[in-house]
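Protein chains in written order, with the working numbering: chain B, 1 to 397; chain P, 398 to 794; chain X, 795 to 921; chain L, 922 to 1048.
Quick caveat, the hints were computed from the structure, so don't treat them as lab data. Be aware that a few hints might be false.
[Said to hold, decoys possible] Below are the PhoX-like pairs computed for lysine-lysine, each with C-alpha atoms no more than 25 Å apart in a straight line:
| # | chain 1 | residue 1 | chain 2 | residue 2 |
| --- | --- | --- | --- | --- |
| 1 | B | 394 | L | 1043 |
| 2 | B | 220 | B | 171 |
| 3 | B | 394 | L | 1035 |
| 4 | L | 928 | L | 975 |
| 5 | P | 703 | P | 617 |
| 6 | B | 391 | B | 306 |
| 7 | B | 268 | P | 428 |
| 8 | L | 928 | B | 391 |
| 9 | P | 791 | X | 871 |
| 10 | P | 617 | B | 95 |
| 11 | P | 703 | X | 916 |
| 12 | B | 336 | B | 306 |
| 13 | P | 788 | X | 916 |
| 14 | P | 791 | X | 838 |
| 15 | L | 928 | B | 394 |
| 16 | B | 175 | B | 164 |
| 17 | P | 788 | X | 871 |
| 18 | B | 31 | P | 513 |
| 19 | L | 1043 | B | 391 |
| 20 | P | 492 | P | 665 |
| 21 | X | 838 | P | 788 |
| 22 | P | 788 | X | 908 |
| 23 | X | 908 | X | 871 |
| 24 | B | 391 | L | 998 |
| 25 | L | 998 | B | 394 |
| 26 | B | 336 | L | 1020 |
| 27 | X | 916 | P | 733 |
| 28 | L | 1020 | B | 391 |
| 29 | L | 975 | B | 306 |
| 30 | X | 848 | P | 703 |
| 31 | X | 893 | P | 791 |
| 32 | P | 617 | L | 1043 |
| 33 | P | 733 | B | 116 |
| 34 | L | 967 | L | 928 |
| 35 | X | 893 | B | 220 |
| 36 | L | 975 | L | 998 |
| 37 | B | 31 | P | 665 |
| 38 | X | 893 | X | 871 |
| 39 | P | 561 | B | 116 |
| 40 | L | 965 | L | 1020 |
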Amino acid sequence: MAETARRVYADSAATTRLLPEVLEAMLPYLKDVFGNPSSLHDWGAQAQEAVEQARGQVAALIGGRPEEILFTSCGTESNNFAIKGLARAGQERGKHIVISAVEHFSVLHSARALEKMGFELSVVPVDRHGWVDPDSVARHLREDTILVSVMHANGEVGTIEPIKEIAQVVKGKSKAVFHTDAVATAGTIPVDVAELGVDALSLAANQFYGPKGAAALWLKRGVRIIPYLDGGVQEGGRRAGTENVPAIVGMGVAAEIARRELATRMKKLTPLRRRLIDGVLSRVEHSILTGHPENRLPGNASFCIKFIEGESMLMLLNSRGVAVSSGSACTSRALKASHVLSAMGIPAEVAQSSLLFSLGIDNTEADIDYILGVLPPIVDRLRQMSPLWAKFVKERR
Amino acid sequence: MAETARRVYADSAATTRLLPEVLEAMLPYLKDVFGNPSSLHDWGAQAQEAVEQARGQVAALIGGRPEEILFTSCGTESNNFAIKGLARAGQERGKHIVISAVEHFSVLHSARALEKMGFELSVVPVDRHGWVDPDSVARHLREDTILVSVMHANGEVGTIEPIKEIAQVVKGKSKAVFHTDAVATAGTIPVDVAELGVDALSLAANQFYGPKGAAALWLKRGVRIIPYLDGGVQEGGRRAGTENVPAIVGMGVAAEIARRELATRMKKLTPLRRRLIDGVLSRVEHSILTGHPENRLPGNASFCIKFIEGESMLMLLNSRGVAVSSGSACTSRALKASHVLSAMGIPAEVAQSSLLFSLGIDNTEADIDYILGVLPPIVDRLRQMSPLWAKFVKERR
Amino acid sequence: MPIYSEKVMEHFMNPRNVGEIPDADGVGEVGNPICGDMMTFYIKVKDNRLEDVKFKTFGCGAAIAVSSMVSEMAKGKTLDEGMMISNRDVADELGGLPKNKWHCSNLGAEALHKAIEDYRSKQAREA
Amino acid sequence: MPIYSEKVMEHFMNPRNVGEIPDADGVGEVGNPICGDMMTFYIKVKDNRLEDVKFKTFGCGAAIAVSSMVSEMAKGKTLDEGMMISNRDVADELGGLPKNKWHCSNLGAEALHKAIEDYRSKQAREA
Ligand SMILES: Cc1ncc(COP(=O)(O)O)c(C=O)c1O
Ligand SMILES: Cc1ncc(COP(=O)(O)O)c(C=O)c1O
C-alpha cells in the first residue's frame, strides 16, 4: 500500500467499516457464548436470546415486528429469497413479475432465473436520473402480476425511488406482492415499512456499520413465501442453517445505533456530498453528475468524467490513498458497463468514465478537499493520454 | 443459569466454540481491514488477499485445490447449493437422484424440493447401525441417475459411511456426480477428496472450532453446477453476495489448525468416548448405544435410554450443567422423532429416549466422570415417573 | 429452545403428585399420537371429590409440568369441577406454553378426564 | 481486484511514450468491442526501423500498461520484427495479466500492427 498524504475511504456503498461498539457487542458471542440457538440447553438458550434481541432491534429500525424479520447471510440472499420465494408462493395466482431496470443484480438475475423457469418478466424503464415513474409501473401491471420489486435506492447513482407511490399503484391496481430492496437505504435514510406500504424488504448490516454475514428479509405478517434454504426449522422453518449468532447480534446493535444516529448522520453527510458534487462539477470540465440531482442518498456523489476510463481513474486515486468505485466495463469482472447507467440512457462510451464516491460517517471536509485536490490532475493526466480527448479537443477548435 | 458443580459442554455436534487464535486472526478484518473483496482499491485488495489465503487453507484441509473451494454461509447452504445446483446442471442427462435415508435435512429437503420440480428421488436404506451398504447404493443406480449424495458421517449417531467404496460403485456403474456432506467430518477425522473419490463435498467451519457464518462447497474442477445465489460475480460467478471476510478468514485458520491437530484430537477424543460409552452402558440399565459400535466419529456417544423421554433428560442434565442433545420428537421443533433413528429401525417409542453426547477438544476425563455421576440418578428419577417403566417392571416380575 | 416459563420449570424440576395409587378409584391413560408422550392419571374419590390425584408421565418438560399442574389443580375439586379443567386453564396456570408444546397441555386434562370417566363408568356398572 | 503484477503497475503509473507524433509515418487505431477501450499508435519509421513509437489510450490500467509495454518493445525494432510482437509476448513481458484483462493485451499489439500496415500501405501507394 502506497504512503499517501491522506487515506480517504469514499466507497461506503461497497461496504462500511464495523463500529467498535458493535464489535464489542459481538465479542461475547465470538468467545464464551458460542451455543447453537437451536440447542435446548443453557448454551443454546443464551444464543437464542441474543438472536431474538437482535430481531427486535432490526425490526425497530424499519418499523416492523420482530417476528417479521428473517435473518439471512447477505443482501444477495435476502433478494434471492424474496424474489424466488415470493414468486413461487404466488405462482398459482399468476406468473408475471415486474422489476425496474436499475435493480441490483441479485434481484435482476433472480428474476431472470425465474424467467427461465417459466415466469414472465417485465422490466420498467427509468428516466435519465434513474428514477422509476409510478405511472410507468402501473402500465406494466397485469391481471396475473404476482410480484413487483423496485429498489428503495440505487447505491450506484444514489437515486431514491418513490416507493410509497409505487406501492399505492401496485396495491391499487393489482394483487401483486410488493418487495423493495432497501440494502442501500436501511440504516442510511428513514425506512418505515408501514409508511412505504411494502410487503417485503431486504436490508444488510454491512451497509450501516454492522458486520458482513448478517442481513435480513422483512416479510409482512401473513405474506406467504417458499423457503429458499431447505433444511432444519430455524427462523420459523423459513430459513434453515445454523444462525450466524455474532453477526446477527452485531446487526442488531448496528441497527439500534443507526436508528438513534440516522438524523445526525444525514445532517453530516448531505453538506459533504454537496461540497464534493459542487467541487467536482466546477473543477473538472466535462464532468456530469449521474443520478437524481436532489433526491439521492446523502453520501452518494456519482459522476461521469468524460473521455477517460473509470478503472484507470480509480487506480490513480487509489495511488493517492482515495478509495472509490466505478461502473465502467473494465472495473466489472463481467466486462460490461453498468446496466444502471445504460438504463438511464447514458452512452456506453460515457458510462466507461463512471466514477462513484460514496461517503460515510468517517469522512470530513478535509477528505473532500483532499479529493478535490487530487482528482483534477489525475483527470488531466488521463485525458492527456486519451485519444477521445484529443479528438474532442481537435474538433472543438 | 443454575450454579452447578461443573459445566460440561457435550454438544459439539451442534456447534463448537471458536478457538481464541482463530478469533485473533479474524479481528483485523472486524476492525481496520473492512474492505469489500470486490473493490478494486487497496481496501478491497487486502480483503481479497485474505479470502484467497483462506481458500488455500480450506483446500489444504481436504486435499483440494484452492480454486475448487466456494465459500458459503453455512453447511445448509453448501448442501442446498450442491444438491440443487448439481441436479439442475445435470438435468439434460437425466432426472434421477439417489441419497441415503440418514442425510441431514439440508440434503433430504433439498432433494424433496427437487422431487416437487419433477426430479425422481431414490432413498437408500441403512442397516441398524445407520450404515449405508455400497451394494445397496448400486442397486438404486439407474441409467438416468445424475446425482448421488451420501453423507460422510452422521452427527447424530456418529456412524462413518464407506464413502470411498460408494464412490467406486457410483463411478463404476453410472455417470452420476457424487456429493458427500462432510459437515460432521471435515476437521474432525481425515477427509481427502481424492482418496474419497468424490466430485463435491460440503464442510462448515463451526464444526471444527471455526466461526459460524462460514462454510464451503468443494467442487472438483470441471464439474458443472448451476449457481444458487444469483447476483454479482463473487466466487468466480458461482456464489454471489458480499463475502463474509472475517468468518472466511477464521475458517481458513481453523482449517489450518485442524489439519495440524487432527491426529492429536482424535487420539484424545476416542478414549474419552469409550469411557463414556462403557460407563453409560454399564451404569444405566436398559440403555443402548445407537450408531456403529466401532466405526464412528471420535467424540460421538449416542444412546437410547429406554422408558424415558429425551427432552426431560436433556433438561435435567442441563440443570446439572451438562449440555447434550436428543433426537426425540419433543426436542425437535417439528415434533417428529429423528428420521435417522427411524431409518435404523429403532421403534418410535425407543427413539423418544434418544440422548446424544458429542465430545470436543475441551472435554476431560473428569467431565466424563461427572456425566457418569449425574446421569444415573436423573434416569432413575424420570423412570420413577414413567408409566412405561412401571409397566415394564410389572411385566418383568 | 422452547422458552418455558418459570412456573413450568418449577413444576418440571419439582413435580407434585408423582406416583401411582394402587387402589385407585379411577385410572386414565392417554398417549399422544403426535410426539409419543404418555400419561396415566390415578384418582381417589371421596364424597364426589378428588381426594387424591397422582400421575405417571413419559414425556418432555412440558408434559411433566402439565401433569403436575393438572394434579394440583384437580386435587380437592368435585368431579364435575375436575371435568371442567380445560387445556387452556392448565396452560394459563403455567404462565403459558410454547406453541409447539400445546399438544402436551391437551394431554394432561384429557388424562384426568379419562380417570374421572373411568371412575364414573365403574360406579355405573356397580350400581 | 484484478491483481496486477508489479510490472503492470509500474508501466501504468509511469507509462512510456505517451503522446502523438504529428507527422507520423503510420497511425493505427483500434477499439475494443468488449469493453470499449481505444488505442491509437503513432510510428515514425527510418531505415525500415521503428524509430519512434507513441500512443494514446482510453482504457483501464491494463490497457495503459499494455500500450506502454508495446511501445517500448517496438521501439528500435524492424517493421517485420514489430509485426511479430504478439499479444502473448506483451502479456509475458508484463509478468502476466489477469484473465479478464487478456482482451486488453490483444489490443496493444493490434494497434501497433495496424500502424505498421498503415505505413506500408501508404508506401505502396506512393511507390
Ligand atoms: C451432517 C450435517 N450436514 C449439514 C449440517 C447443516 O449445517 P448448518 O447448520 O451449518 O447449516 C449439519 C449441522 O449440524 C450436519 O451435521
Ligand atoms: C441495492 C443493493 N442490493 C443488494 C446488494 C447485495 O448485497 P450483498 O453484497 O450484501 O449480497 C447490494 C450491494 O451493495 C446493493 O447495493
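Now for the hints, and whether the structure bears them out:
| no. | hint | verdict |
| --- | --- | --- |
| 1 | 394/B with 1043/L | 24 Å, holds |
| 2 | 220/B with 171/B | 14 Å, holds |
| 3 | 394/B with 1035/L | 22 Å, holds |
| 4 | 928/L with 975/L | 19 Å, holds |
| 5 | 703/P with 617/P | 45 Å, violated |
| 6 | 391/B with 306/B | 13 Å, holds |
| 7 | 268/B with 428/P | 23 Å, holds |
| 8 | 928/L with 391/B | 30 Å, violated |
| 9 | 791/P with 871/X | 31 Å, violated |
| 10 | 617/P with 95/B | 36 Å, violated |
| 11 | 703/P with 916/X | 33 Å, violated |
| 12 | 336/B with 306/B | 18 Å, holds |
| 13 | 788/P with 916/X | 22 Å, holds |
| 14 | 791/P with 838/X | 22 Å, holds |
| 15 | 928/L with 394/B | 33 Å, violated |
| 16 | 175/B with 164/B | 16 Å, holds |
| 17 | 788/P with 871/X | 29 Å, violated |
| 18 | 31/B with 513/P | 42 Å, violated |
| 19 | 1043/L with 391/B | 22 Å, holds |
| 20 | 492/P with 665/P | 45 Å, violated |
| 21 | 838/X with 788/P | 20 Å, holds |
| 22 | 788/P with 908/X | 19 Å, holds |
| 23 | 908/X with 871/X | 16 Å, holds |
| 24 | 391/B with 998/L | 29 Å, violated |
| 25 | 998/L with 394/B | 31 Å, violated |
| 26 | 336/B with 1020/L | 15 Å, holds |
| 27 | 916/X with 733/P | 37 Å, violated |
| 28 | 1020/L with 391/B | 31 Å, violated |
| 29 | 975/L with 306/B | 23 Å, holds |
| 30 | 848/X with 703/P | 23 Å, holds |
| 31 | 893/X with 791/P | 36 Å, violated |
| 32 | 617/P with 1043/L | 55 Å, violated |
| 33 | 733/P with 116/B | 36 Å, violated |
| 34 | 967/L with 928/L | 30 Å, violated |
| 35 | 893/X with 220/B | 20 Å, holds |
| 36 | 975/L with 998/L | 14 Å, holds |
| 37 | 31/B with 665/P | 23 Å, holds |
| 38 | 893/X with 871/X | 28 Å, violated |
| 39 | 561/P with 116/B | 37 Å, violated |
| 40 | 965/L with 1020/L | 33 Å, violated |
When held up to the earlier numbered hints, the structure conflicts with 5, 8, 9, 10, 11, 15, 17, 18, 20, 24, 25, 27, 28, 31, 32, 33, 34, 38, 39, 40 and fits the remainder.
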